[in-house]
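With the sequences and hints as input, model every part of the structure.
Each chain, letter by letter, is given below.
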Amino acid sequence: MADTKTLKELAEYLGGVVRGDESCRISGLAPLEMAGPDKITFLANPKYAAKVAETGAGAVLMAAGGESHGRNVIEVANPYLAFAKLLNLFHVARPAPLGVMPGASIGENVLLGADISVYPGARIGDNAVIGDGCIIHPGAVIYAGVTIGSNTLVHANAVIRERCRIGSRCVIQPGAVIGSDGFGYAPDGRGYYPIPQIGIVVLEDDVEIGANTCIDRAALETTLIRRGTKLDNLVQIAHNCQIGEDCMIVSQVGISGSSKIGNHVTLAGQVGVAGHLTIGDNVMVGAQSGIPGSLPANAGYSGTPAMPHKDWLKAMAVVPRLPELRKTVTALEKRIAELESQLLQK
Amino acid sequence: MADTKTLKELAEYLGGVVRGDESCRISGLAPLEMAGPDKITFLANPKYAAKVAETGAGAVLMAAGGESHGRNVIEVANPYLAFAKLLNLFHVARPAPLGVMPGASIGENVLLGADISVYPGARIGDNAVIGDGCIIHPGAVIYAGVTIGSNTLVHANAVIRERCRIGSRCVIQPGAVIGSDGFGYAPDGRGYYPIPQIGIVVLEDDVEIGANTCIDRAALETTLIRRGTKLDNLVQIAHNCQIGEDCMIVSQVGISGSSKIGNHVTLAGQVGVAGHLTIGDNVMVGAQSGIPGSLPANAGYSGTPAMPHKDWLKAMAVVPRLPELRKTVTALEKRIAELESQLLQK
Amino acid sequence: MADTKTLKELAEYLGGVVRGDESCRISGLAPLEMAGPDKITFLANPKYAAKVAETGAGAVLMAAGGESHGRNVIEVANPYLAFAKLLNLFHVARPAPLGVMPGASIGENVLLGADISVYPGARIGDNAVIGDGCIIHPGAVIYAGVTIGSNTLVHANAVIRERCRIGSRCVIQPGAVIGSDGFGYAPDGRGYYPIPQIGIVVLEDDVEIGANTCIDRAALETTLIRRGTKLDNLVQIAHNCQIGEDCMIVSQVGISGSSKIGNHVTLAGQVGVAGHLTIGDNVMVGAQSGIPGSLPANAGYSGTPAMPHKDWLKAMAVVPRLPELRKTVTALEKRIAELESQLLQK
Chain A
1 MADTKTLKEL AEYLGGVVRG DESCRISGLA PLEMAGPDKI TFLANPKYAA
51 KVAETGAGAV LMAAGGESHG RNVIEVANPY LAFAKLLNLF HVARPAPLGV
101 MPGASIGENV LLGADISVYP GARIGDNAVI GDGCIIHPGA VIYAGVTIGS
151 NTLVHANAVI RERCRIGSRC VIQPGAVIGS DGFGYAPDGR GYYPIPQIGI
201 VVLEDDVEIG ANTCIDRAAL ETTLIRRGTK LDNLVQIAHN CQIGEDCMIV
251 SQVGISGSSK IGNHVTLAGQ VGVAGHLTIG DNVMVGAQSG IPGSLPANAG
301 YSGTPAMPHK DWLKAMAVVP RLPELRKTVT ALEKRIAELE SQLLQK
Chain B
347 MADTKTLKEL AEYLGGVVRG DESCRISGLA PLEMAGPDKI TFLANPKYAA
397 KVAETGAGAV LMAAGGESHG RNVIEVANPY LAFAKLLNLF HVARPAPLGV
447 MPGASIGENV LLGADISVYP GARIGDNAVI GDGCIIHPGA VIYAGVTIGS
497 NTLVHANAVI RERCRIGSRC VIQPGAVIGS DGFGYAPDGR GYYPIPQIGI
547 VVLEDDVEIG ANTCIDRAAL ETTLIRRGTK LDNLVQIAHN CQIGEDCMIV
597 SQVGISGSSK IGNHVTLAGQ VGVAGHLTIG DNVMVGAQSG IPGSLPANAG
647 YSGTPAMPHK DWLKAMAVVP RLPELRKTVT ALEKRIAELE SQLLQK
Chain C
693 MADTKTLKEL AEYLGGVVRG DESCRISGLA PLEMAGPDKI TFLANPKYAA
743 KVAETGAGAV LMAAGGESHG RNVIEVANPY LAFAKLLNLF HVARPAPLGV
793 MPGASIGENV LLGADISVYP GARIGDNAVI GDGCIIHPGA VIYAGVTIGS
843 NTLVHANAVI RERCRIGSRC VIQPGAVIGS DGFGYAPDGR GYYPIPQIGI
893 VVLEDDVEIG ANTCIDRAAL ETTLIRRGTK LDNLVQIAHN CQIGEDCMIV
943 SQVGISGSSK IGNHVTLAGQ VGVAGHLTIG DNVMVGAQSG IPGSLPANAG
993 YSGTPAMPHK DWLKAMAVVP RLPELRKTVT ALEKRIAELE SQLLQK
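Residue numbers (my numbering), protein chains in the order written: chain A, 1 to 346; chain B, 347 to 692; chain C, 693 to 1038.
Keep in mind the hints are simulated off the structure, nothing from the lab. Warning: the hint list may mix true and false statements.
Residues on chain B that point at chain C, a partial pick, calculated with CB under 8 Å [stated by the list, open to error]:
1. 427
2. 437
3. 485
4. 503
5. 521
6. 579
7. 634
8. 662
9. 669
For lysine to any residue, the following SDA-like pairs were computed, each having C-alpha atoms within a straight-line distance of at most 25 Å [stated by the list, open to error]:
10. B:385 <-> B:413
11. B:385 <-> C:854
12. C:1002 <-> B:663
13. B:660 <-> C:1021
14. A:346 <-> B:691
15. C:1002 <-> B:667
16. A:5 <-> B:567
17. B:656 <-> C:968
18. A:327 <-> B:678
19. B:680 <-> C:1033
20. A:334 <-> B:677
21. B:673 <-> A:339
22. A:346 <-> A:324
23. C:700 <-> C:714
24. A:327 <-> B:673
25. B:673 <-> C:1027
26. A:5 <-> B:542
Built from N, CA and C at the ideal position, the CB exists for glycine as well.
What follows is the structure in structure tokens.
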């Protein structure tokens, strides 16, 4: 029972309040429908409130004042967030540091922090600095001169190119590439002359980068992803972009060069953003939209080219009826011509 | 001549019937226009039937009753399938197993099957189970606790994260990532708190995964790809998705979290599918379409938002004529106003 | 001062002409606004001509006849190209060759050129040929039988599969996959039988491939990327495609199987191209467009399905007004019916 916690302990951990048996012991988490008496579950969406009456869970995380149906309850401000925190508490054991394992390759003048793990097949280039508590998985390649803060996780086969700077508590999923050359060429009359991309990428703290996502280094200065921003898988960030704090960039989004994205922006899946534009704070862009120009803050947009989201919904409702609309107009033309000729005869 | 086969032998292998010289010896395959007398070719598309008269091939695979133009023929039910099977027979030699080569890294308590090859630079984590006949290419990283069936091929630099389960006869192309963390965060009032993704990915037998494709692990349970389904390159499958049997998911498709795709579904290139929806069996979706809600079975859809494919074709035919349509309507307005004023005067 | 150059030396290097102090010494490059007296800057866009008066730069690259505002000037035909060339001169030091470093894995019968670097964790398969001056970064995997020309750069964790042929002076960004199996399956009545993909990929000289981009090998023959063409990140090129010379294929573009792209073609981000079609020379396609059929040369196209770019702009201007257009048409119908009934009564 070393791994169980009482509801009292959990409530203290979460800053919540127990209604019911404070001494009830919990060993983990489960969905409403599947939870047994040693599990805690959560009610975040009021739509599912009736399911609380039927759950076999030992306790339910819910908002203050929710109907308990006689269950033990921990009241919390944000049940979904509380659930995530308990998942961490019960299910995520920080692994013991393993040091530099045999088969890892460490360059010259590398500075390694305390309590790190560097797996076989990982490579850390010359003059790199790896902070305390970092985990570098097999096949991850960190080029020369890279700096990484503390407790950052670099998954297998991710690549961080020369001189890029990564913050603390970042997570880089497998296969992500940070610091690839920006796509910059000068036409020379025949073909394209590659413009050296001598800038870097900076990820601030708590940034997370999805699998096989690519972030290009700046031509001269910095491609910047600010604190707390999360990028999903297969995202493309071109050179010289600046992405604000706490943004959500969903899978397969592409952002062209030198664009600036504000704070708390959400770009849904497969959105494309043109270059050299600005997107204001708190903007939400619907999936597959194409953004050709700057977007003012605090609004939602959709479509290619993007327009206010509500306008897009209304316009898209007409699209399947366009053939009918066209027929109607043709018929009206005939009727008007008929009217005109009748009137002429009168 | 050890590598040649007679038409009789090939017909037996394919379950077909020879018309012509059964003893004709064949050493390989070639297209209709390029085949010499020791090669067999195929006629799958009736459009090219006339080319049979001019081919230099020693024999032609064709459907029963096809015009042979005096050539040797093997009649088969499905000439394209027969061609693919002969390609395998003549051109694909299963390489001899090489065992665990020097420079491969094997964790603790790993269970390795018979007749495997594990190349230099490959990493197999603790407690993994690798079935008979598997080939693990250089730089492939298999995290702890992964299970792989027999005769599965994992190409270079592919990554399979912890505890995922891969079936038999699967093919994982280079750089594919299976089991990356799902994109799940709980807003905490300021930014986003990462929700631990403690589920797994399961690939059933005969699943093939394209280069740099990403399949996220479930939050709690399983992201599932069923038997026989093929994913092309750069596809994104989000957490908790379920994809049915024998689906074709073409390059750069993205499927959002918790969506369920039926059996025999085809999603063409760059399609985007929203989350928490259901697509019925045998659905076909046209390239670049965006699917905002569930789609009934046995039909074709296109567009963003998607509509029945035929409706989309008709609607798209009107789009380039919209400016003209608008002008027509403006002109009609004027003519009607004119009619109204004339009528008023009468 | 060993790393500085006089304006005279730079003008000779660039084939330009100095106006001002030929002996002025330059140590590097900087943007107009940030350059100090030992830096050279450039004026490419006439929009910024006034900034020349305020720059602190030691000299300005500009077109012949530009207003110098009393600054030292090097006149060149193409200031942007000249800037790129000086970036190379000042900031890109070709690293000294390091040979085959410990921890690299070299197969049997490999032919290695002079002055190469092969980093720890790189793998070169049997019978491969690596030209003079190549750099193979950590974790890059080159399968058996691959041929690479001279001075080609293969970044970390890129994969080049068996027998593919890579030209000279190519750059392969991290995680790119060249020669993955084409997505080819023959329906066998139940599911899909994989068609062996026994062809290769050929990249000619001066081709550059973006991070995590995928180029599939041909089914039987060759997927071909011609001289000088640049592919951005996360691009998909399917089997049997042929891409011409000096094309720009921007991020997240997907080109389906067997399509032929001419010379000097630009496909903007997220464009999708169907299979078995031809795109003529000098075509430009706007971002996110979908190309269902062949496109004639020397023109611009946009939209899904694509149309001439100007037509698309006009059509898209109508889309947000479709609901209004529909209301107008409904109102016109009523007015016409009213007119008809009035006329009937007269």
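How the hints compare with the structure:
no.	hint	result
1	427	holds (4 Å)
2	437	holds (5 Å)
3	485	holds (5 Å)
4	503	holds (5 Å)
5	521	holds (5 Å)
6	579	holds (4 Å)
7	634	holds (5 Å)
8	662	holds (6 Å)
9	669	holds (4 Å)
10	B:385 <-> B:413	holds (19 Å)
11	B:385 <-> C:854	holds (24 Å)
12	C:1002 <-> B:663	holds (16 Å)
13	B:660 <-> C:1021	holds (19 Å)
14	A:346 <-> B:691	holds (12 Å)
15	C:1002 <-> B:667	holds (12 Å)
16	A:5 <-> B:567	holds (23 Å)
17	B:656 <-> C:968	holds (22 Å)
18	A:327 <-> B:678	holds (14 Å)
19	B:680 <-> C:1033	holds (19 Å)
20	A:334 <-> B:677	holds (13 Å)
21	B:673 <-> A:339	holds (20 Å)
22	A:346 <-> A:324	violated (33 Å)
23	C:700 <-> C:714	holds (5 Å)
24	A:327 <-> B:673	holds (15 Å)
25	B:673 <-> C:1027	holds (18 Å)
26	A:5 <-> B:542	holds (19 Å)
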